[in-house]
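Using the sequences and the hints given, assemble the complete structure.
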Amino acid sequence: MTGRRVVVTGLGPVTSIGTGAHDFHRAQLKGVSGIRAVTRFDASDLPVRIAGEVDLPAEFAPTRRELLATDRCGHLAATAAALALADSGLDLKEEDHTRIGVVVGSGSGGSASLENGVTAMLAGGPRKLPPRLIPMAMVNSPAAHVALKHGLLGPCSAISTACASGAEALVAAHQMIASGEADVVLAGGAEAPLTSLVLGGFARMGALSLRNHEPEGASRPFDSARDGFVLAEGAALLVLESAEHASARGATILAELRGYGRSADAHHITAPHPEGVGAGRAVTAALRSASLRPEDVSYVNAHGTGTAFNDASEARALHRALGAAAGCVPVSATKSMTGHALGAAGAIEAVASVQALVHGVVPPTLNLDSPDPAVGLDLVTDAPREGRITSVLSNSFAFGGHNVVLAFTSV
Amino acid sequence: MTPRIDVSETILESIRTALDEKLGIPSDEVHLESRLKEDLGLDSLDLVELLTAVEEQIGSPLNDDLVPHLTTVAKVVELIAERTAALPPVSVE
Numbered sequence: 004m005t006g007r008r009v010v011v012t013g014l015g016p017v018t019s020i021g022t023g024a025h026d027f028h029r030a031q032l033k034g035v036s037g038i039r040a041v042t043r044f045d046a047s048d049l050p051v052r053i054a055g056e057v058d059l060p061a062e063f064a065p066t067r068r069e070l071l072a073t074d075r076c077g078h079l080a081a082t083a084a085a086l087a088l089a090d091s092g093l094d095l096k097e098e099d100h101t102r103i104g105v106v107v108g109s110g111s112g113g114s115a116s117l118e119n120g121v122t123a124m125l126a127g128g129p130r131k132l133p134p135r136l137i138p139m140a141m142v143n144s145p146a147a148h149v150a151l152k153h154g155l156l157g158p159c160s161a162i163s164t165a166c167a168s169g170a171e172a173l174v175a176a177h178q179m180i181a182s183g184e185a186d187v188v189l190a191g192g193a194e195a196p197l198t199s200l201v202l203g204g205f206a207r208m209g210a211l212s213l214r215n216h217e218p219e220g221a222s223r224p225f226d227s228a229r230d231g232f233v234l235a236e237g238a239a240l241l242v243l244e245s246a247e248h249a250s251a252r253g254a255t256i257l258a259e260l261r262g263y264g265r266s267a268d269a270h271h272i273t274a275p276h277p278e279g280v281g282a283g284r285a286v287t288a289a290l291r292s293a294s295l296r297p298e299d300v301s302y303v304n305a306h307g308t309g310t311a312f313n314d315a316s317e318a319r320a321l322h323r324a325l326g327a328a329a330g331c332v333p334v335s336a337t338k339s340m341t342g343h344a345l346g347a348a349g350a351i352e353a354v355a356s357v358q359a360l361v362h363g364v365v366p367p368t369l370n371l372d373s374p375d376p377a378v379g380l381d382l383v384t385d386a387p388r389e390g391r392i393t394s395v396l397s398n399s400f401a402f403g404g405h406n407v408v409l410a411f412t413s414v
Numbered sequence: 005m006t007p008r009i010d011v012s013e014t015i016l017e018s019i020r021t022a023l024d025e026k027l028g029i030p031s032d033e034v035h036l037e038s039r040l041k042e043d044l045g046l047d048s049l050d051l052v053e054l055l056t057a058v059e060e061q062i063g064s065p066l067n068d069d070l071v072p073h074l075t076t077v078a079k080v081v082e083l084i085a086e087r088t089a090a091l092p093p094v095s096v097e
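In the order they appear, the protein sequences are chains W and R. Under my numbering, residues 4 to 414 are what the first sequence spells out, in order. Under my numbering, residues 5 to 97 are what the second sequence spells out, in order.
I should point out that these hints are in silico values taken from the structure, not numbers from a laboratory. As the structure is a prediction and not an experimental result, all values here were calculated from the model. A hint or two may mislead.
Claimed, not checked - Derived lysine to aspartate or glutamate pairs resembling EDC-like cross-links, with alpha carbons at most 16 Å apart:
hint	chain 1	residue 1	chain 2	residue 2
1	W	131	R	59
2	R	26	W	69
3	W	131	R	60
4	W	33	W	385
Unchecked claim - Some chain R residues judged to face chain W by a derived CB distance under 10 Å, without partners named:
hint	residue
5	17
6	27
7	48
8	50
9	51
Glycine included, every Cβ here is placed at the ideal spot set by N, Cα and C.
Listed below in structure tokens is the structure:
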């Protein structure tokens, strides 16, 4: 890895199991589920009626004006931004705002707003389309919203690579900082997919768990009884900055984003390569970029969705890239608790990865009662595992064959 | 004798309702002299939303060219009053 070193100084998770670094971390260690019957819309006619929903704390609840002018995706991103900035201790009044960037990944941006627009048009014709339809629905809306809210004037962009968007946003932020384009970047992902169209669409693909009767047991990555992933809303932004900038302001440095690896499967639009070839190459590239050997990896935060395709492919990718070390590196899957927040997932799991480094604890994987014997990994099941953690890989593998692996190290 | 209420007061109330429902602006902040952009914080997209709400009030389509003329609440009242002039005066029993 060349260029300036990039460190993490603030965490802003907004998830179905907890909002804010403290609550999110505590929930992970307790191993709680954020999955419940859908309340955000009437899902009664859908085959899947469970999801990971976020209960925004009262202080982050949008005003009526914000509710009408901004999509849920923007509210989640704005909350994540406020939390990340507060956690970093960055005093914006003291900063050159032209040196602060924003990158927010999202799979589909303002899905509910788009759906409302379609409904309005079908009911009353094009004249009834809300004038804010496009700015509320566009995929870069959360990124723009964060920049607007805080007056951040550096590079501001959105990245959309489905379930890898959040991790990909951190790569983009790394590149901005390493190259000198920005000193600080608020980066991560936001997703608000709990609408009849998106939930119904994923259900129609057969990708989702049908365990409506047992929401908390529905997300079970690497378990023999898994039957698909569970959709979730959520967001997470991290404050990344150059090591010099963080040191100069006396910030608490949580971890270094030491490297990353990316690849494309070019195999199928949704199915991962069955042998994990592309994902394995991304893991290898991340190790190389972070100057790590397989045996240096203390923990892998898996993509771990709980679909049979992902789990098998991801396990093979890890064996392929880590070799003999694959069997003895602790692996766990955050989605077992949060559900799958698509474009936010990679960023939420980056937060979990940094927290594992900071606290020296690998969080458990919920519902892993009967690990799939074909996986052959050291899965951390029902209790957190303490240990010396110096380097963590966080995997994100997306529909479209986008593979992104982040490598965080202690400082 | 039928008690009459001021037509502009009725229109003002309907504008207050529209601003509250469509844009989340509390009714007690809306007065005849309120400037839509400066006082109520409306932007150009909000003005299009308001125009649509006015259309619903008067029951007939309006030209988007009117948007730049929506400067104050009084102007909007005037617009609705003009367009509904052909209708019988509002009265309550």
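Here's how the hints hold up against the structure:
Distance restraint check for residue 131 of chain W and residue 59 of chain R: the Cα-Cα separation of roughly 11 Å lies within the 16 Å cut-off, and the hinted pair is therefore satisfied. With a CA separation close to 11 Å, the supplied pair residue 26 of chain R and residue 69 of chain W stays within the 16 Å bound. For a cut-off of 16 Å, the pair hint linking residue 131 of chain W to residue 60 of chain R stands: about 10 Å separates their Cα positions. Only pairs whose Cα atoms come within 16 Å are accepted, and residue 33 of chain W paired with residue 385 of chain W is accepted, the gap being roughly 9 Å.
The interface hint given for residue 17 of chain R is broken, as the beta carbon of that residue sits about 19 Å from the closest beta carbon of chain W, more than 10 Å. The closest approach between the C-beta of residue 27 of chain R and any C-beta of chain W is roughly 6 Å, which is under the 10 Å cut-off, so the hint is satisfied. Evaluation of the residue 48 of chain R hint against chain W yields a held restraint, the C-beta minimum of about 8 Å falling below 10 Å. A hinted interface residue such as residue 50 of chain R counts as satisfied when its beta carbon comes closer than 10 Å to some beta carbon of chain W; here the least separation is about 8 Å, so the hint holds.
Given the 10 Å rule on beta carbons, the hint for residue 51 of chain R holds: about 8 Å separates it from the nearest Cβ of chain W.
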